[in-house]
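Protein chains: 2
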Amino acid sequence: MAVYTEVPDEELAAFMARYPLGDVRSIKGIAEGVENSNYLLATDTGQYILTLYEKRVAEADLPFFLGLMDHLAAGGISCPLPVHDRDDNALNRLAGRPAAIVTWLEGVWVRRPTAEHCRAVGEALAAMHLAGGDYTVRRANSLGIAGWRPLFEGSREGADSVRAGLASDIGHELDALEAAWPRDLPAGVIHADLFPDNVFFLRGELSGLIDFYFACNDTFAYDLGICLNAWCFEGDGAFNVTKSRALIRGYRSVRPLSEAELTSLPILARGSALRFLLTRLHDWLRVPEGALVVPKDPLEFYQKMCFHRSADEPSAYGIDP
Amino acid sequence: MAVYTEVPDEELAAFMARYPLGDVRSIKGIAEGVENSNYLLATDTGQYILTLYEKRVAEADLPFFLGLMDHLAAGGISCPLPVHDRDDNALNRLAGRPAAIVTWLEGVWVRRPTAEHCRAVGEALAAMHLAGGDYTVRRANSLGIAGWRPLFEGSREGADSVRAGLASDIGHELDALEAAWPRDLPAGVIHADLFPDNVFFLRGELSGLIDFYFACNDTFAYDLGICLNAWCFEGDGAFNVTKSRALIRGYRSVRPLSEAELTSLPILARGSALRFLLTRLHDWLRVPEGALVVPKDPLEFYQKMCFHRSADEPSAYGIDP
Numbered sequence: 118m119a120v121y122t123e124v125p126d127e128e129l130a131a132f133m134a135r136y137p138l139g140d141v142r143s144i145k146g147i148a149e150g151v152e153n154s155n156y157l158l159a160t161d162t163g164q165y166i167l168t169l170y171e172k173r174v175a176e177a178d179l180p181f182f183l184g185l186m187d188h189l190a191a192g193g194i195s196c197p198l199p200v201h202d203r204d205d206n207a208l209n210r211l212a213g214r215p216a217a218i219v220t221w222l223e224g225v226w227v228r229r230p231t232a233e234h235c236r237a238v239g240e241a242l243a244a245m246h247l248a249g250g251d252y253t254v255r256r257a258n259s260l261g262i263a264g265w266r267p268l269f270e271g272s273r274e275g276a277d278s279v280r281a282g283l284a285s286d287i288g289h290e291l292d293a294l295e296a297a298w299p300r301d302l303p304a305g306v307i308h309a310d311l312f313p314d315n316v317f318f319l320r321g322e323l324s325g326l327i328d329f330y331f332a333c334n335d336t337f338a339y340d341l342g343i344c345l346n347a348w349c350f351e352g353d354g355a356f357n358v359t360k361s362r363a364l365i366r367g368y369r370s371v372r373p374l375s376e377a378e379l380t381s382l383p384i385l386a387r388g389s390a391l392r393f394l395l396t397r398l399h400d401w402l403r404v405p406e407g408a409l410v411v412p413k414d415p416l417e418f419y420q421k422m423c424f425h426r427s428a429d430e431p432s433a434y435g436i437d438p
Numbered sequence: 118m119a120v121y122t123e124v125p126d127e128e129l130a131a132f133m134a135r136y137p138l139g140d141v142r143s144i145k146g147i148a149e150g151v152e153n154s155n156y157l158l159a160t161d162t163g164q165y166i167l168t169l170y171e172k173r174v175a176e177a178d179l180p181f182f183l184g185l186m187d188h189l190a191a192g193g194i195s196c197p198l199p200v201h202d203r204d205d206n207a208l209n210r211l212a213g214r215p216a217a218i219v220t221w222l223e224g225v226w227v228r229r230p231t232a233e234h235c236r237a238v239g240e241a242l243a244a245m246h247l248a249g250g251d252y253t254v255r256r257a258n259s260l261g262i263a264g265w266r267p268l269f270e271g272s273r274e275g276a277d278s279v280r281a282g283l284a285s286d287i288g289h290e291l292d293a294l295e296a297a298w299p300r301d302l303p304a305g306v307i308h309a310d311l312f313p314d315n316v317f318f319l320r321g322e323l324s325g326l327i328d329f330y331f332a333c334n335d336t337f338a339y340d341l342g343i344c345l346n347a348w349c350f351e352g353d354g355a356f357n358v359t360k361s362r363a364l365i366r367g368y369r370s371v372r373p374l375s376e377a378e379l380t381s382l383p384i385l386a387r388g389s390a391l392r393f394l395l396t397r398l399h400d401w402l403r404v405p406e407g408a409l410v411v412p413k414d415p416l417e418f419y420q421k422m423c424f425h426r427s428a429d430e431p432s433a434y435g436i437d438p
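Read top to bottom, the protein sequences are chains A and B. If you're matching positions, the first sequence starts at 118 in this note's numbering and goes up one per residue. If you're matching positions, the second sequence starts at 118 in this note's numbering and goes up one per residue.
Please note that a few of the clues may not be correct.
Identical copies carry no separate label here, and so any pair may be met within one copy or between two of them.
[Stated by the list, open to error] In silico lysine-lysine, DSS-like type, Cα no more than 27 Å apart, as pairs:
| no. | residue 1 | residue 2 |
| --- | --- | --- |
| 1 | 172 | 145 |
| 2 | 145 | 413 |
| 3 | 172 | 413 |
Don't read these hints as lab results, they were simulated from the structure. These figures come from a predicted structure and were not determined experimentally.
Just chain A, same shape as in the assembly (with noise of 0.2 Å):
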C-alpha cells in the first residue's frame, strides 16, 4: 500500500491535456502496489490506472517495461495498455516524476487460490513467455543468480538477527545454486512477479496480468519456479502437490516443457524462493524511519527453500513422467 507523490490539481491538468482522454472526472489513490505510486484515473472516455514511477523503478528500465506491455498486448495477452499522447509518447514527467497512464483491466486478484485459478496462471505464464518471442528490446534479471550474492553481502550482517544461522544457510546455499545452475535452458522475457495480486480473475476465468515491473530476459522455467512459490503454498506453510500439478499442466497445455526444463524445476524453484528471502531479508532490515510500508516476513521464503531443498525431485511437484 502506497501513495508516495501528490499530484497538484494544476501540473496534473497540464499532463492530460498532452493524452487525448477528454476531463479528469476522478481521480483516487489506490492503496496496493509499494513499488510506485497508483490513481485510479477517470475521464471522459473511461477508466485507467495513472502511475508515478518512485525512486525504486530505474528510470532507464521503464521503456522496457511500457513497450512489453504494448507488445504483449499486440501478441494478445490481456495486459495494460500504455495510452500514448498526441506526440505518441508512453511516457512523460508528472510532479516531479515519471509518469504513464495504462488502460483498466478489470477483474479481482484472489487471495487464496484454488487449483483451477492455478492452471490458469499456468496456461497464462506460458502464453506470455510466447507472446514475448519477438520482443527485441532487452532487461537482464538484476535479481537473478549474479544478483544473489551481492544483494546477501548487504545482509549477511544482520541475518542472524532475523534467524540464528541463516547467514551461514544462505551462503551454503548460495555456493550450492551456483555450482548447480542450468545455464542453457530456453529463455526470454519472463513476468518475474507473477504472484497472485498479479493476476486478476472475473467470472471465475483469469482476465489479464499486470505489474510487468519486474519483468526481464532469464529463463522461463525460472519464472515457473517463481509462480510455485507464489501460487502452491498453503497458508501454514505446507505444499500443495495438487495446485502445483495443475500449474505445471497448465503451462505445458500452451508451452511444452524440455525434459532438461522439467529435471531443473526444483533447482529453479529453490533459486527463486531463495531470491524473494534476499530481497525480503534486505527490505526487513532496512525499514525506513516512520515508513508507511510493513515489511513482509522473509522467513515464508526461508520455509519455502528448505522444502525445495528437501523435495528436489519433480516427481514431489506433481510432475507426470
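Starting from the known structure of chain A, fit chain B onto it as the hints suggest.
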C-alpha cells in the same frame, strides 16, 4: 491513507449476494480517508464505494450517518447514496466490521481552492443545512464545545512538548470560549468536517459532498466557521479574505445569516480552530507503534486560532455590512 481490513474472497461473495448489484468486476483499496477502510467496487451495475467501519467510528452512530445521506440525497444534495440490500438494510457486516455500500460520486477534490471554489462550497453548505432541516434522527456533537475540555485533559500533559506554553494557552482559550460562546443561534444538522478533500468538483462545478461521518446537530454558523478554517487559509498560514468573503457570500445567497450569526462568526471560527487543534494534538501525542498514518500537524490550527483571536471583527472576514 488507510486500508485496515482485508476482505477474504468468500466473505465478499456472501456479502455481495445480499445486494442487487450483480457480479464484482473489480475491488481496490483506496488510499484516502484515515477513519475507515474504503474500497472502490466495480460491479455489473456500476461503481460504488464499499466502506468497512473501523473502530474509531461508533457503530451506534452509523444509522444516523447512512440515514442522513439518504435524506440529503432525497432533498437534492449531491452526496453518496447508501445502497440498500434486498431486505432494505443499508448496513451489514463484512470481515467482522460494520459495512455499507454507497454510490460512486464523480469529481476531483481541489488541492488549491480558489475564491470561486469557496463560493460554491458556501452555497453547498447552506443547501445542506436547509435540506437537513426535517431530518428527525439526532446526534449530539461529541466534538462540540462541551467535548473540548475533556479532550484537552487527555493531552494537557504532553501539550508543552509540542509548543512551549501551549497547555496554558489552550486552558485560557477554553475559559474565554466557554464564557462567550453563543448558545441560541439557529441549529440543525451540520457536516462538521467540510474540508477540501470532502468536496468534489467536475469541470469547475461542485459535483458533490462526501464523508458525513462527523455530521451531527449543532449551530449552523459553527459549520461555516469550520469552512473558514478549512478553505480560506493559504499554505503559508495567511488568511485570504477574498476567499472568506466569497464563501460567506455563497452561503448567504442560499441561506440568509442573521445579525447574531454574523456577529458570532469570529468566535465560532476561533472555537472551530481549537476543535481541530485539540483532535490533532490528541492524535499527535498518541501515534501508535508501526502506524501507517503520519498525524497532521496540530500547530497549523494553533496559528489559525491565533488569527481568529486577533481578528475578531466580522469585517476581518470580508463580511458585507
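Numbers of the earlier hints that this structure fails to satisfy, in rising order: none
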